[in-house]
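Chemist: Each protein sequence line maps, in turn, to chains C and S. Counted from 1, the first sequence has number 183 at position 183 by the numbering used here; the numbering is strictly sequential. Counted from 1, the second sequence has number 251 at position 251 by the numbering used here; the numbering is strictly sequential.
Hints are supplied without guarantee of correctness; some may be wrong.
Cut-off 20 Å, straight-line C-alpha distance, at most; resulting in silico cross-link-like pairs (DMTMM-like, lysine to aspartate or glutamate) [claimed, not checked]: (1) C:Lys288 x S:Asp103; (2) C:Lys288 x C:Glu274; (3) S:Lys140 x S:Glu171; (4) S:Lys31 x C:Glu183.
By construction, these hints were calculated from the structure, which means they are not laboratory data.
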Amino acid sequence: MAGAEPRLPPVRPEFEVRPGEAGQIGDVARPLSAWERISNITLVRRLFILLVLAVAWQIYASWLDNPLMFPTFDETMTALWDASIKGPLLERVWTSIRVLLLGYGAGIAIAAVFTTIAVSTRVGTDFLSTLTAMFNPLPAIALLPLALLWFGLGIPSLIFVIIHSVLWAVALNTHGGFLSVSETLRMAGQNYGLRGLRYVAYILIPAAFPSILTGLKIGWAFAWRTLIAAELVFGVSSRSGGLGWFIFENRNQLETAYVFAGLVMVIIIGLLVESVVFRTIEIRTVRKWGMQR
Amino acid sequence: MSTALPAANAEMVDEHAPALLAVDGVTLQYKTRDHLVTATYRVSFQVHPSDRFVLLGPSGCGKSTLLKGVGGFMAPVEGTIRLKGQTIERPGPDRMMVFQEFDQLLPWKTVRENILFPMLVSGRCNRAEAAERAWAYIDKVNLTKFADAYPHMLSGGMKQRVAIARAMAMEADILLMDEPFAALDALTRRKMQEELLQLWDDVRFTMLFVTHSIEEAIIVGSRILVMSPHPGQVKAELNAHQFSHDEQGGGEFQALHNRIHNMLFAERIEEERLHGRS
Numbered sequence: 001m002a003g004a005e006p007r008l009p010p011v012r013p014e015f016e017v018r019p020g021e022a023g024q025i026g027d028v029a030r031p032l033s034a035w036e037r038i039s040n041i042t043l044v045r046r047l048f049i050l051l052v053l054a055v056a057w058q059i060y061a062s063w064l065d066n067p068l069m070f071p072t073f074d075e076t077m078t079a080l081w082d083a084s085i086k087g088p089l090l091e092r093v094w095t096s097i098r099v100l101l102l103g104y105g106a107g108i109a110i111a112a113v114f115t116t117i118a119v120s121t122r123v124g125t126d127f128l129s130t131l132t133a134m135f136n137p138l139p140a141i142a143l144l145p146l147a148l149l150w151f152g153l154g155i156p157s158l159i160f161v162i163i164h165s166v167l168w169a170v171a172l173n174t175h176g177g178f179l180s181v182s183e184t185l186r187m188a189g190q191n192y193g194l195r196g197l198r199y200v201a202y203i204l205i206p207a208a209f210p211s212i213l214t215g216l217k218i219g220w221a222f223a224w225r226t227l228i229a230a231e232l233v234f235g236v237s238s239r240s241g242g243l244g245w246f247i248f249e250n251r252n253q254l255e256t257a258y259v260f261a262g263l264v265m266v267i268i269i270g271l272l273v274e275s276v277v278f279r280t281i282e283i284r285t286v287r288k289w290g291m292q293r
Numbered sequence: 001m002s003t004a005l006p007a008a009n010a011e012m013v014d015e016h017a018p019a020l021l022a023v024d025g026v027t028l029q030y031k032t033r034d035h036l037v038t039a040t041y042r043v044s045f046q047v048h049p050s051d052r053f054v055l056l057g058p059s060g061c062g063k064s065t066l067l068k069g070v071g072g073f074m075a076p077v078e079g080t081i082r083l084k085g086q087t088i089e090r091p092g093p094d095r096m097m098v099f100q101e102f103d104q105l106l107p108w109k110t111v112r113e114n115i116l117f118p119m120l121v122s123g124r125c126n127r128a129e130a131a132e133r134a135w136a137y138i139d140k141v142n143l144t145k146f147a148d149a150y151p152h153m154l155s156g157g158m159k160q161r162v163a164i165a166r167a168m169a170m171e172a173d174i175l176l177m178d179e180p181f182a183a184l185d186a187l188t189r190r191k192m193q194e195e196l197l198q199l200w201d202d203v204r205f206t207m208l209f210v211t212h213s214i215e216e217a218i219i220v221g222s223r224i225l226v227m228s229p230h231p232g233q234v235k236a237e238l239n240a241h242q243f244s245h246d247e248q249g250g251g252e253f254q255a256l257h258n259r260i261h262n263m264l265f266a267e268r269i270e271e272e273r274l275h276g277r278s
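Kindly generate the complete structure, drawing on both the sequences and the hints.
Modeler: Below you can see the structure in the form of structure tokens.
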């Protein structure tokens, strides 16, 4: 270009101004409209999705017109209502849930012991990693024949397979969570003079809580699935059957609407636990603490 | 270089007052995946009550490692670290750490609970006394309005203030500060330095402060240990108790700044020359 003169920005005059009043600017903070507020509620949005699914189901099933293969939404709901009020459905649900809670609780307790050992010693870590790697891919149902052989036909067998399905998922996530606790937090905890179990309880568990919660959720889903499947396989446990047995029984009698009602019940319980129990825990802990959005 | 060191030590150390913290010929090493790194080599210094003792040096001079040694997170391979005559063996609440990272606060506790927690779990004081102290120190760091906020709602500067309040409320023998203001913006950092000095005026605590900023060392510190890198060794121990922000532009401040700068910079040139040759 013209000459060797380096290009410089123009020198402009300086100035100082006073910032304007917020009132003149207007929309600094405006309340949201009713529609915006309603659509912000997660529950409303989710219920809307459920509604759309139900309508689609009803339309498809009416068009198919084959209640033996695919009953309509309203037939299923009627069956669900009948089975709950007059029939044995609620009793079956209670039987299943009781067994489930026993197995789930035991699984979590064992996982807690395992992970505590794993964080305190290196042998423990290797032990847990090896066991998890071995047993996590093993479907709980595959252990059922063995469980029946050892514990007989009944609740102990069910609890055994549920523990198997909960334990590894919870232990894996909890241990992973412990490992990812930041060095700074660890040092802060040790700085307070915390050691051993107190250190695990006061620092590691809360700090790893997002992972632990994930583990609990996965464990819950695994346990629920395992239980229903196990009940389908060998039906009645000691006195009264569970939800899986209810489904199996009605399929044998070709009461398809009741089979659907049983499945819907499984879904409803799953949704309730997820959206009420786990969500409440989440809101009161990890969200409040800013560990999760 | 080697002649300056004993001379400086001889005229500075007061033989009569017992040191609160005595670091004596300490060599610290840590392992990485494929190296054994010597972080500090035979470092000695003494911290007296109410000192604002600064460890200053470029990165790699082992100043943070040294602080971890004093904190009890690392055992020296050679030499001793003694607090009030007791050899330090493990981390403990008599030496409260303030870290550089903002995630040092427990995210599941509010500001007040964060300050209360160490007092309660270490058994330093009972509930009532702890509550009283917590309020007093929350007030001192101007966070009364945020006492019930969770750490994730606070700015970086506020989090560091909580960490400082938490450490001070313990009324520990010594506060160990590992570049507590390094991750803050320049304006906040300056304000925090002023506040820290004000707190010191109030309480006269003892602190061991690690930094790599010469300016911060002169402002915050009353005594500065200048260290050289690879491995960390003592280069000089200087006085800086006469300086605060007000003297920052002044000639003496500049003179000390330049003196330290040259000390550290000379090392770097030497090092570059060594590397160039090899």
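Chemist: State the violated hints by number, sorted upward, taking the hints as numbered earlier in the document.
Modeler: Those not satisfied: there are none.
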